[in-house]
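Residue numbers (my numbering), protein chains in the order written: chain X, 7 to 343; chain F, 201 to 549; chain R, 28 to 399.
Among the clues, some could well be false.
To be verified - Heads up, incomplete: computed chain X residues facing chain R, CB under 10 Å, no partners named:
(1) Thr48
(2) Tyr217
(3) Ala223
(4) Met224
(5) Gly225
(6) Leu226
(7) Thr230
(8) Pro238
Stated by the list, open to error - Just so you have them, the derived chain X footprint on chain R, three or more residues with Cβ under 8 Å:
(9) 123-130
(10) 137-147
(11) 186-196
Unchecked claim - Pairs of lysine to aspartate or glutamate, EDC-like flavour, derived with a Cα cap of 16 Å:
(12) Lys48/R to Glu369/F
(13) Lys416/F to Glu308/F
(14) Lys306/R to Glu435/F
(15) Lys306/R to Asp544/F
The hints are simulated quantities; they were obtained by calculation from the structure and are not laboratory data. Keep in mind the model is a prediction, meaning the values are calculated, not measured. Virtual Cβ for every residue (Gly too), placed ideally from N, Cα, C.
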Amino acid sequence: MSHDSGGTTAETTEVAQDESLFETRSVEKMTRGEYYRELFDTWIAAPLRILRSDYRGIFGFALIGIFILMGTIGVWIVPSPEATGPILQPAFKSMEHPLGTDSVGKDMVSLIVHSTPAMLKMVSAGAIFATSLATIIGVSAGYLGGTVDRAMMTIVDVAMTIPGLPLIIVLAAVIDPTSPYLIGILVTINAWAGSSRTIRSQVLTLRNQSYVEASRAMGLSTFTIMSKDVLPNMMPYIMMGFVGTARRVIFASAGLYFIGVLPFSTLNWGVMMNLARSNGALYSPIAAHWLWAPMMAIVLMSLGLILLAQSFDRVFNPRLRAKHQKSSDADDSEVLS
Amino acid sequence: MTVSETQFEHEPEQEIILEVENVSVEFDMERGTSRVLDTVSLDVRRGETIGVVGESGSGKSMFASAMLDAVVDPGILSGDLTYYPNEGEPVDVLNLSDEELRRLRWEEISLVFQGAMSSFNPVIKVEDHFVETLEDHGYDVDEGLERAHQLLADLYLDPNRVLDSYPHELSGGMKQRALIALGLLLEPNVLVMDEPTAALDLLMQRSIISLLEDIKEKYDLTLVFITHDLPLVGELCDRLAVMYSFQFVESGPTAEIIDHAKHPYTRALLNATPNMQMPLETMRPIEGASPDPVNVPPGCSYHPRCELADDLCEAQDPARELIGDDHDVACHHWEESADAIPFDRGESR
Amino acid sequence: MSRSNGEPVISIEDLEVHFEKKDGFLGKSQTVYAVDGLDLDIYENDVLVLVGESGCGKTTLGKTAIGLQEPTGGSVKYRGQDIWDAKEGNGDVDIPYDEIRRSLQIIHQDPGSALNPNRTVMANLSEPLKKWEPDLDLNDRRERIISLLERVGMTPPQDYASRYAHQLSGGEKQRVVLVRALLMNPDLILADEAVSALDVSLRIEMMDLMLELQDLIDTSYLFISHDLSNARYISEKADGRVGIMYLGELVEVGSPERVLFDTKHPYSKVLRWATPDLKSDPDVSSVPPVRRIDIPDAVNPPSGCRFHTRCPEAREVCAQEPPRLLETDDGDRRVACFRAEPDHEYWDSDPIEDESLEVGGAGDDDQATADD
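When you get a sec, could you build the whole thing from the sequences and use the hints?
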């Protein structure tokens with residue numbers, strides 16, 4: 007440990023040493039490399055390690071990974087669906103059409119793969135939009151209180167009272183969206199309202215924690231307190247909200263395509279299921295694969311999101327992070343008292 | 201490392217009501233086995249008030265749970281626990297059936313928890329807590345409530361008002377007293393209390409201690425009072441037993457312990473406790489920290505912090521030995537402790 | 028270590044802090060008189076211990092003194108500058124609010140919730156430095172934190188700095204909290220029951236550490252305690268003052284020798300009675316020297332002297348007139364009781380008659396509010 011003002015004479019030593027507590031400048035410098043390595047370990051490596059240690063993390067990551075791959079690389083590899091194959095060929099019959107074909111001869115696998123990018127865009131846009139909005143409003147209203155709180159909550163109440171489905175239908179009719187991002191946002195247009203209220207109530211509890219009061223006493227800016235003290239403790243909550251919204255987007259978009267509110271496109275799992283149903287998939291085994299193949303896609307993506315969110319819960323737990331971080335003693339004292 | 205403790209046997213004049221013999225509690229943790237109670241033995245005598253003194257991390261709360269065989273899962277309790285009822289055969293508590301254990305708890309031995317603030321269900325009234333307990337044990341509700349009224353009045357509470365309130369409507373002191381009444385509802389013989397006055401105001405604390413003395417006499421109870429606050433139990437208790445690092449290190453009559461404690465930890469603790477009487481210079485903190493249950497020091501668990509420690513202490517865990525009238529201590533150098541760690545009580549201020 | 032009698036660091040005049048408490052949805056709101064008409068000065072390098080039971084307003088007073096709670100009446104001044112005027116920019120501001128904010132810090136009672144559980148000790152401590160010493164770079168900050176950690180006895184400091192809050196014991200957490208407060212070189216630290224949650228054997232160590240650092244850093248402490256023994260230790264050792272509060276008022280204040288050992292106020296005597304000694308004194312009765320055990324509600328404080336409803340020495344005049352805090356002849360103390368004034372009409376007044384020691388129960392509700 008270094009004091010650079012080591013004191014020259016005996017008399018000044020004591021004073022110098024005392025004052026030096028507030029004057030210390032470092033002598034050993036942590037290099038840029040070390041610093042970035044530490045950052046990497048904290049933010050990326052340790053969370054990955056935690057995810058890896060939990061079966062839910064592994065599965066969730068794998069499932070979502072598969073879908074992302076499908077949506078990015080998959081569309082390059084798998085050819086676009088064309089009405090060239092045999093009509094309604096069942097699944098697992100040939101290598102050319104592993105999951106069978108639909109009623110106009112398009113290959114099921116390419117239908118599913120090529121629907122994925124749009125789905126991913128919708129889901130991510132919707133979930134990110136709704137969750138961000140809910141978080142910003144919930145945290146600000148909860149922490150700042152007073153008029154800000156009242157104003158924001160009034161807006162939230164209005165949003166919550168407007169019935170979702172009719173609103174979406176009206177907006178869809180007016181805007182006539184084609185971009186999947188826009189569709190994603192449209193579908194969640196008032197889903198954020200309820201979440202913001204629950205986030206706000208969590209924040210109200212957190213606000214009274216001693217360390218938040220200490221941060222105020224230290225004069226830290228409101229933004230700093232909200233982002234560093236309040237937000238990290240809300241992450242598990244926010245994560246679950248994110249996943250819930252994402253799933254909602256999946257189901258809602260499928261439903262809306264079915265009603266005809268959203269512009270028709272065969273490249274959507276929900277539409278595929280609807281077409282299958284109207285072609286009698288529920289009654290006869292001939293078109294059954296047309297129903298369950300996209301259904302499995304929806305279910306698996308949903309499942310992947312849920313598992314991932316649950317395992318992220320562990321990432322945000324400081325006790326687990328500490329265990330998996332290299333910078334702290336691995337076998338360390340978890341104090342029982 | 202740990203030595204069996206049955207070599208010291210007091211010859212008490214009173215009969216024993218609860219006998220704890222070589223009881224241990226272990227938890228299997230990822231980083232090792234955590235022994236939160238290490239072969240502890242204690243005799244609780246009929247009609248006495250015994251204080252179990254220890255700091256946080258000494259195992260005292262676990263001791264309270266162990267006495268009712270209520271250690272949380274996945275803890276493993278081993279040893280012998282014998283209860284001697286007023287009439288009938290001694291009861292081997294750890295081998296009772298679930299039904300018998302349920303009858304033992306609350307009807308014979310009762311526990312008043314730490315933290316009365318959160319011991320009540322906030323959504324039901326206080327009265328419902330009492331009713332629930334009565335029904336669970338198959339007691340007559342009307343008779344039980346009458347007794348509850350009496351108990352609450354003995355504790356200087358207004359029975360009607362308290363029973364009809366929700367827990368949040370009562371102050372801390374009131375809740376604590378109500379909790380004590382609940383503990384006494386089924387006429388137990390032994391009342392174990394874990395830090396019952398911890399979060400209370402000074403005046404309320406002192407008053408409850410006085411109330412306990414009266415209640416004990418009226419209902420013919422045996423009290424086990426668990427706390428970290430030595431001066432608090434100085435007046436209330438007949439005997440004291442001091443815990444350190446999950447073991448008992450000393451026990452004896454209260455006056456004897458306070459004036460002539462022989463274990464270095466007890467003496468250091470007495471010196472480290474802020475109080476109104478002793479001159480400031482004699483108050484000294486205890487260096488170091490209490491050990492982690494997974495990583496207890498070899499030999500005597502106090503040796504890293506002890507002034508008298510030597511090689512013997514590091515090698516061998518001292519057994520408890522009877523050194524005086526009803527006074528036992530677990531230390532190799534108990535004879536030198538009085539000189540090494542002097543008390544300077546000063547004139548009473 | 029003794030206080031200098033120069034300009035006070037914090038000067039509190041006629042302070043009132045009243046809270047509105049709503050009684051249910053449609054009920055009318057009631058006023059909780061948490062602090063009512065109080066004057067107090069805290070000097071440089073001073074140690075002042077506030078003692079009282081729950082509901083007496085000591086925590087509210089403490090937080091108001093360091094500017095975390097806004098008064099509803101009266102003023103709180105930092106070196107002559109009204110804190111809330113500075114914050115809102117009213118009139119001529121001699122000392123900017125930023126500087127004031129930095130100089131007044133707090134140590135909480137519960138070390139468990141005093142540190143952000145999601146960040147390491149180093150991160151927790153870097154935050155204030157980033158704000159107040161922006162010209163320090165990363166390495167300088169780390170070095171300063173490490174040296175302070177070592178100074179409070181946490182060795183090896185690098186190891187402690189990389190730990191999370193749950194990896195520290197209660198005593199260690201409290202020391203980190205102390206370092207956090209000291210990093211800003213404050214003028215006044217509010218220690219709100221700072222040692223109450225610690226083990227008995229650690230309390231003296233913590234109090235000694237705080238006093239040691241006081242010398243080093245030139246700060247004052249405003250201690251809050253419900254425990255007289257702790258109050259005695261730190262005020263005697265630091266040659267400071269003890270103030271006894273009851274229902275929002277200061278009833279006795281002065282040196283510990285006077286206030287704790289030569290008590291004049293009947294309430295102080297009750298507190299003294301209630302503090303257990305290692306050796307029990309057979310002369311001390313087991314009946315508390317009060318007429319009622321439970322504390323009255325701060326919503327409806329008694330008239331005149333607030334203690335008159337419980338005081339064993341109360342007389343008629345006590346219910347009519349509130350006593351003022353006055354210096355006593357033996358110096359070094361002020362007390363608010365007519366019994367200290369030999370010429371007051373108190374001595375001609377009749378004693379208040381009611382049943383002795385009506386304990387608890389009907390009508391009294393000493394709910395400990397979150398801000399007391």
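Checked hints:
no.	hint	verdict
1	Thr48	9 Å, holds
2	Tyr217	5 Å, holds
3	Ala223	5 Å, holds
4	Met224	5 Å, holds
5	Gly225	4 Å, holds
6	Leu226	6 Å, holds
7	Thr230	7 Å, holds
8	Pro238	4 Å, holds
9	123-130	holds (count 3)
10	137-147	holds (count 9)
11	186-196	holds (count 9)
12	Lys48/R to Glu369/F	14 Å, holds
13	Lys416/F to Glu308/F	15 Å, holds
14	Lys306/R to Glu435/F	8 Å, holds
15	Lys306/R to Asp544/F	13 Å, holds
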